[in-house]
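*Asks:* Sequence:
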Amino acid sequence: MIRRIGAAAAPACVLALLLISAAPRDQGPRGPLALLTNEFAYRHPAGAGAVRSPDWWVTSGSLFGAGDYLWSGRPDAGRPGPVSQPWTDSAVLRAVTTRDDYADVAVRFGLRVNALTETARTPAADLDGVHVMLRYHSEQSVYFVSVSRRDGQYAIKRKTPGGPSNGGTYVTLAATGTARLPAPRGGWRHVEATIAGSRTIAIGLRIDGYPVLHAIDHVAGPVPPGRVGLRGDNCDFLVRDFRVSARSILL
1 MIRRIGAAAA
11 PACVLALLLI
21 SAAPRDQGPR
31 GPLALLTNEF
41 AYRHPAGAGA
51 VRSPDWWVTS
61 GSLFGAGDYL
71 WSGRPDAGRP
81 GPVSQPWTDS
91 AVLRAVTTRD
101 DYADVAVRFG
111 LRVNALTETA
121 RTPAADLDGV
131 HVMLRYHSEQ
141 SVYFVSVSRR
151 DGQYAIKRKT
161 PGGPSNGGTY
171 VTLAATGTAR
181 LPAPRGGWRH
191 VEATIAGSRT
201 IAIGLRIDGY
211 PVLHAIDHVA
221 GPVPPGRVGL
231 RGDNCDFLVR
241 DFRVSARSIL
251 L
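Numbering (the numbering used here), first residue to last: 1 to 251.
FYI, nobody ran anything at the bench for these hints, they're computed from the structure.
Possibly wrong hints are sitting among the right ones.
[As the list claims (entries may be wrong)] Label pairs and their computed distance ranges (CB to CB): (1) 171 x 32: 37 to 45 Å; (2) 183 x 86: 30 to 38 Å; (3) 119 x 171: 36 to 44 Å; (4) 85 x 163: 20 to 28 Å; (5) 222 x 27: 37 to 45 Å; (6) 127 x 167: 38 to 46 Å; (7) 48 x 220: 39 to 47 Å.
Computed from a predicted model, the values in this text were never measured in an experiment.
Note that CB positions come from ideal geometry on N, CA and C, so glycine has one too.
Starting from the given sequences, assemble the full structure and let the hints guide the process.
*Replies:* As structure tokens, this is what we get:
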């Protein structure tokens with residue numbers, strides 16, 4: 001269950017989502033994960049049987065969860081119905097918070113990649129994996145931080161409206177070669193993606209406490225607050241302890 005924390009009820013550093021701990025740190029969830037919401041509910045909010053979440057919008061795919069865990073479901077390319085059975089469409093997963101006033105924040109969570117996959121509609125690609133979305137305003141206006149990719153790269157990108165990629169254009173602000181980090185404990189990585197600024201945007205990424213990547217983006221006009229979220233491409237993955245906190249950038 002996701003517990004929403006208001007500013008008056010929690011320390012100032014906590015702005016939004018705090019998931020309640022329910023299982024040992026190096027294990028997965030103890031029981032089954034239920035559907036939180038999916039693209040059917042996003043497209044048909046008044047549809048019969050639609051499963052809606054107070055905390056998440058899923059514009060593509062299906063998002064499952066229980067306790068302090070979130071799960072992509074097993075990725076496929078079928079169009080899901082109200083309860084995502086038998087299809088999830090999570091080969092292309094886009095999940096963003098319903099809350100849309102995140103400005104200078106750190107997004108932190110544990111990440112375990114269970115498997116990389118592919119479908120006839122979504123063949124394997126280097127960028128397949130898990131990405132954090134920051135300052136999300138639309139599918140065409142958002143920052144992406146790639147935290148686990150098929151090719152081992154980390155990357156920070158900006159997407160702006162107008163262009164060949166689903167109506168937008170990607171600009172790579174920073175990228176690494178294949179990362180050489182210690183093997184994750186129990187298959188889990190700790191991810192921290194940060195963003196701060198309005199006209200000069202600073203974005204950083206830490207994996208297991210290691211500063212991996214940072215970027216500075218100078219923009220013509222101020223970038224307003226937005227949503228945060230998770231993107232998955234051809235990836236079966238599990239997230240725990242998803243938190244969003246107010247803080248300045250860590251480089």
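*Asks:* State for each hint whether it applies.
*Replies:* Evaluation of the provided hints:
no. : hint                  : result
1   : 171 x 32: 37 to 45 Å  : holds (41 Å)
2   : 183 x 86: 30 to 38 Å  : holds (35 Å)
3   : 119 x 171: 36 to 44 Å : violated (28 Å)
4   : 85 x 163: 20 to 28 Å  : violated (36 Å)
5   : 222 x 27: 37 to 45 Å  : holds (44 Å)
6   : 127 x 167: 38 to 46 Å : violated (18 Å)
7   : 48 x 220: 39 to 47 Å  : holds (46 Å)
Consistency note: the structure conflicts with the earlier hints numbered 3, 4, 6.
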